[in-house]
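Colleague: Sequence:
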Amino acid sequence: MPPLALRKGPGAFRKWLFVGLGVATFGLYGMAFVVDRFGQHERAVPSDVLVVLGARVLPGGQPSPALRARIEKAVELYHQGLAPRLLFSGGVGVNPPAEARVMRDLAVRLGVPPEACLLEEQSHSTEQNARFSSELLRSLGARRVLVVSDPYHLLRARQYFRLHGFEVATSPAFLTERNLSLVDRVYWTVREAAALLLHPRVLLARRPS
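For the sequence shown, the UniProt record's numbering gives the first residue as 1, with consecutive numbering after it.
Hint data in this document are derived by calculation from the structure and do not stem from the laboratory.
Every residue, glycine too, gets a C-beta built ideally from N, C-alpha and C.
Take the hints with a grain of salt, since some may be wrong.
Stated by the list, open to error - Derived Cβ-Cβ restraints for the label pairs, each shown as a range: (1) 29 with 139: 38 to 48 Å; (2) 65 with 114: 21 to 31 Å; (3) 182 with 34: 11 to 21 Å; (4) 141 with 180: 36 to 46 Å; (5) 140 with 108: 11 to 21 Å; (6) 198 with 135: 22 to 32 Å; (7) 194 with 114: 37 to 47 Å; (8) 197 with 141: 31 to 41 Å; (9) 43 with 124: 24 to 34 Å.
Please construct the entire structure, taking both the sequences and the accompanying hints into account.
Modeller: Rendered as C-alpha coordinates:
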(Lines of atoms letter the chains of each structure in order from A and count residues from 1; the text may use other names and numbers.)
(Lines give C-alpha, C1' and ligand atoms only; values in the text may rest on other atoms or scores of the structure.)
Protein backbone atom coordinates (compact mmCIF):
# COMPACT_ATOMS: atom_id res chain seq x y z
CA MET A 1 0.00 0.00 0.00
CA PRO A 2 1.44 3.49 -0.90
CA PRO A 3 2.33 5.85 1.93
CA LEU A 4 -0.49 7.95 3.38
CA ALA A 5 1.04 11.20 2.08
CA LEU A 6 0.99 9.86 -1.46
CA ARG A 7 -2.59 8.68 -1.15
CA LYS A 8 -3.69 12.13 0.03
CA GLY A 9 -1.80 13.94 -2.74
CA PRO A 10 -4.41 13.94 -5.55
CA GLY A 11 -7.17 14.99 -3.16
CA ALA A 12 -5.11 17.88 -1.82
CA PHE A 13 -4.21 18.94 -5.36
CA ARG A 14 -7.86 18.95 -6.40
CA LYS A 15 -8.77 20.94 -3.29
CA TRP A 16 -6.21 23.65 -4.01
CA LEU A 17 -7.14 23.63 -7.69
CA PHE A 18 -10.77 24.35 -6.80
CA VAL A 19 -9.67 27.04 -4.35
CA GLY A 20 -7.51 28.64 -7.01
CA LEU A 21 -10.29 28.51 -9.58
CA GLY A 22 -12.69 30.04 -7.07
CA VAL A 23 -10.32 32.91 -6.31
CA ALA A 24 -9.70 33.53 -10.02
CA THR A 25 -13.42 33.46 -10.80
CA PHE A 26 -14.24 35.81 -7.92
CA GLY A 27 -11.46 38.15 -9.07
CA LEU A 28 -12.69 38.17 -12.66
CA TYR A 29 -16.33 38.83 -11.83
CA GLY A 30 -15.39 41.28 -9.09
CA MET A 31 -13.37 43.24 -11.62
CA ALA A 32 -16.24 42.97 -14.12
CA PHE A 33 -18.51 44.61 -11.53
CA VAL A 34 -16.01 47.47 -11.12
CA VAL A 35 -15.73 47.89 -14.89
CA ASP A 36 -19.50 47.99 -15.30
CA ARG A 37 -20.11 50.43 -12.43
CA PHE A 38 -17.38 52.75 -13.66
CA GLY A 39 -18.74 52.83 -17.18
CA GLN A 40 -22.32 53.59 -16.17
CA HIS A 41 -21.43 56.99 -14.70
CA GLU A 42 -21.07 60.23 -16.61
CA ARG A 43 -17.80 61.97 -15.70
CA ALA A 44 -17.61 64.63 -18.40
CA VAL A 45 -15.91 67.88 -17.38
CA PRO A 46 -14.44 70.72 -19.45
CA SER A 47 -11.30 69.42 -21.13
CA ASP A 48 -8.68 70.39 -23.70
CA VAL A 49 -9.66 67.75 -26.27
CA LEU A 50 -12.48 65.25 -26.75
CA VAL A 51 -10.96 61.87 -27.71
CA VAL A 52 -13.34 59.46 -29.46
CA LEU A 53 -12.20 55.84 -29.67
CA GLY A 54 -12.96 53.85 -32.80
CA ALA A 55 -15.15 50.81 -33.36
CA ARG A 56 -16.05 48.60 -36.33
CA VAL A 57 -16.70 50.07 -39.76
CA LEU A 58 -19.28 48.23 -41.88
CA PRO A 59 -18.91 47.40 -45.59
CA GLY A 60 -19.19 50.48 -47.74
CA GLY A 61 -17.54 52.62 -45.08
CA GLN A 62 -20.67 52.89 -42.95
CA PRO A 63 -20.31 53.34 -39.17
CA SER A 64 -21.42 50.40 -37.05
CA PRO A 65 -24.10 51.16 -34.42
CA ALA A 66 -21.40 51.25 -31.72
CA LEU A 67 -19.30 53.69 -33.72
CA ARG A 68 -22.29 55.90 -34.49
CA ALA A 69 -23.29 56.00 -30.81
CA ARG A 70 -19.79 57.14 -29.81
CA ILE A 71 -19.74 59.88 -32.44
CA GLU A 72 -23.19 61.17 -31.55
CA LYS A 73 -22.24 61.35 -27.87
CA ALA A 74 -19.00 63.19 -28.66
CA VAL A 75 -20.81 65.68 -30.90
CA GLU A 76 -23.32 66.32 -28.13
CA LEU A 77 -20.48 67.06 -25.70
CA TYR A 78 -18.78 69.31 -28.26
CA HIS A 79 -21.95 71.36 -28.75
CA GLN A 80 -22.19 71.68 -24.96
CA GLY A 81 -18.81 73.42 -25.06
CA LEU A 82 -16.87 70.82 -23.06
CA ALA A 83 -13.87 70.90 -25.43
CA PRO A 84 -12.84 72.99 -28.46
CA ARG A 85 -11.47 70.06 -30.49
CA LEU A 86 -12.22 66.42 -31.20
CA LEU A 87 -9.58 63.78 -31.84
CA PHE A 88 -10.90 60.66 -33.59
CA SER A 89 -8.70 57.62 -33.00
CA GLY A 90 -8.87 54.40 -35.01
CA GLY A 91 -7.16 52.78 -37.98
CA VAL A 92 -8.38 50.67 -40.88
CA GLY A 93 -10.04 47.44 -39.77
CA VAL A 94 -11.73 44.77 -41.88
CA ASN A 95 -13.53 47.41 -43.95
CA PRO A 96 -11.96 50.69 -45.09
CA PRO A 97 -11.63 53.58 -44.59
CA ALA A 98 -10.04 54.24 -41.21
CA GLU A 99 -12.42 54.40 -38.26
CA ALA A 100 -11.15 57.91 -37.49
CA ARG A 101 -12.07 59.14 -40.97
CA VAL A 102 -15.58 57.67 -40.77
CA MET A 103 -16.07 59.32 -37.38
CA ARG A 104 -14.84 62.69 -38.63
CA ASP A 105 -17.13 62.61 -41.67
CA LEU A 106 -20.21 61.85 -39.57
CA ALA A 107 -19.28 64.47 -36.97
CA VAL A 108 -19.00 67.11 -39.68
CA ARG A 109 -22.44 66.13 -41.02
CA LEU A 110 -23.74 66.58 -37.46
CA GLY A 111 -22.47 70.15 -37.31
CA VAL A 112 -18.86 69.98 -36.08
CA PRO A 113 -16.54 72.31 -38.05
CA PRO A 114 -13.88 70.36 -40.00
CA GLU A 115 -11.15 72.53 -38.49
CA ALA A 116 -12.13 71.29 -35.01
CA CYS A 117 -11.42 67.66 -35.99
CA LEU A 118 -8.12 65.80 -35.67
CA LEU A 119 -7.43 62.29 -36.97
CA GLU A 120 -5.29 59.46 -35.60
CA GLU A 121 -5.57 56.72 -38.24
CA GLN A 122 -2.94 54.14 -37.23
CA SER A 123 -4.22 52.48 -34.05
CA HIS A 124 -5.72 49.00 -33.80
CA SER A 125 -6.05 48.61 -30.02
CA THR A 126 -6.82 50.64 -26.92
CA GLU A 127 -3.12 50.76 -26.06
CA GLN A 128 -2.36 52.17 -29.51
CA ASN A 129 -5.27 54.62 -29.28
CA ALA A 130 -3.59 56.15 -26.25
CA ARG A 131 -0.02 55.90 -27.50
CA PHE A 132 -0.57 57.34 -30.97
CA SER A 133 -3.07 59.95 -29.81
CA SER A 134 -0.68 61.18 -27.13
CA GLU A 135 1.71 62.51 -29.79
CA LEU A 136 -1.01 64.71 -31.28
CA LEU A 137 -2.32 65.72 -27.88
CA ARG A 138 1.09 66.89 -26.68
CA SER A 139 1.57 68.93 -29.84
CA LEU A 140 -1.60 70.81 -28.84
CA GLY A 141 -0.44 71.29 -25.27
CA ALA A 142 -3.37 69.20 -23.97
CA ARG A 143 -3.29 68.13 -20.34
CA ARG A 144 -6.84 66.91 -19.72
CA VAL A 145 -8.73 64.76 -22.23
CA LEU A 146 -12.36 63.70 -22.25
CA VAL A 147 -12.55 60.14 -23.61
CA VAL A 148 -15.76 58.90 -25.24
CA SER A 149 -16.43 55.20 -25.80
CA ASP A 150 -18.79 52.37 -24.87
CA PRO A 151 -19.37 52.15 -21.09
CA TYR A 152 -17.52 48.83 -20.74
CA HIS A 153 -14.44 50.29 -22.44
CA LEU A 154 -13.95 53.45 -20.42
CA LEU A 155 -12.02 52.18 -17.40
CA ARG A 156 -9.31 50.54 -19.48
CA ALA A 157 -9.19 53.51 -21.84
CA ARG A 158 -8.76 55.90 -18.93
CA GLN A 159 -5.93 53.82 -17.53
CA TYR A 160 -4.01 53.76 -20.81
CA PHE A 161 -4.27 57.52 -21.26
CA ARG A 162 -3.14 57.96 -17.66
CA LEU A 163 -0.04 55.93 -18.45
CA HIS A 164 0.83 58.59 -21.01
CA GLY A 165 0.55 61.35 -18.44
CA PHE A 166 -2.89 62.79 -19.11
CA GLU A 167 -5.62 63.73 -16.72
CA VAL A 168 -8.64 61.83 -18.01
CA ALA A 169 -12.38 62.42 -17.81
CA THR A 170 -14.76 59.88 -19.34
CA SER A 171 -18.17 59.94 -20.99
CA PRO A 172 -20.13 56.78 -21.89
CA ALA A 173 -22.09 56.31 -25.10
CA PHE A 174 -25.07 54.72 -23.36
CA LEU A 175 -27.08 54.12 -26.53
CA THR A 176 -24.58 51.74 -28.09
CA GLU A 177 -25.98 48.28 -28.86
CA ARG A 178 -23.32 46.72 -26.63
CA ASN A 179 -24.80 48.49 -23.63
CA LEU A 180 -28.49 48.11 -24.45
CA SER A 181 -28.31 44.33 -24.94
CA LEU A 182 -27.80 42.56 -21.59
CA VAL A 183 -26.00 39.61 -23.18
CA ASP A 184 -23.60 41.90 -25.05
CA ARG A 185 -23.08 44.06 -21.98
CA VAL A 186 -22.08 41.05 -19.87
CA TYR A 187 -19.82 39.62 -22.58
CA TRP A 188 -17.92 42.82 -23.28
CA THR A 189 -17.65 43.74 -19.60
CA VAL A 190 -16.17 40.36 -18.61
CA ARG A 191 -13.80 40.59 -21.57
CA GLU A 192 -12.59 44.00 -20.40
CA ALA A 193 -12.17 42.75 -16.84
CA ALA A 194 -9.93 39.93 -18.07
CA ALA A 195 -7.87 42.38 -20.14
CA LEU A 196 -7.29 44.58 -17.10
CA LEU A 197 -6.35 41.68 -14.82
CA LEU A 198 -3.81 40.47 -17.39
CA HIS A 199 -2.14 43.90 -17.43
CA PRO A 200 -1.66 45.00 -13.81
CA ARG A 201 0.60 47.90 -14.86
CA VAL A 202 -2.37 49.40 -16.71
CA LEU A 203 -4.82 48.62 -13.93
CA LEU A 204 -2.65 50.42 -11.35
CA ALA A 205 -1.95 53.55 -13.40
CA ARG A 206 -2.68 56.60 -11.28
CA ARG A 207 -3.85 60.12 -11.97
CA PRO A 208 -0.92 62.39 -12.84
CA SER A 209 0.16 64.62 -9.97
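Colleague: Next, verify each hint and record whether it holds.
Modeller: Consistency of the hints with the structure:
Our hint of 38 to 48 Å for residue 29 and residue 139 holds, since their Cβ atoms are close to 41 Å apart. Taking 21 to 31 Å as the suggested C-beta distance range, the pair residue 65 and residue 114 conforms, at roughly 24 Å. Distance hint check: the CB atoms of residue 182 and residue 34 are about 18 Å apart, consistent with the given range 11 to 21 Å. The hint said 36 to 46 Å for the Cβ distance between residue 141 and residue 180, and at roughly 37 Å that hint holds.
One distance hint, 11 to 21 Å for the beta-carbon pair residue 140 and residue 108, holds here, with the actual separation near 19 Å. The hinted window of 22 to 32 Å between residue 198 and residue 135 holds, with their beta carbons roughly 26 Å apart. In this structure the supplied range 37 to 47 Å holds for residue 194 paired with residue 114, their Cβ-Cβ distance being about 39 Å. Between residue 197 and residue 141 the CB atoms are about 35 Å apart, so this pair conforms to the stated range of 31 to 41 Å.
For the hinted restraint 24 to 34 Å between residue 43 and residue 124, the CB-CB distance of approximately 26 Å keeps it satisfied.
In summary, this structure violates none of the numbered hints.
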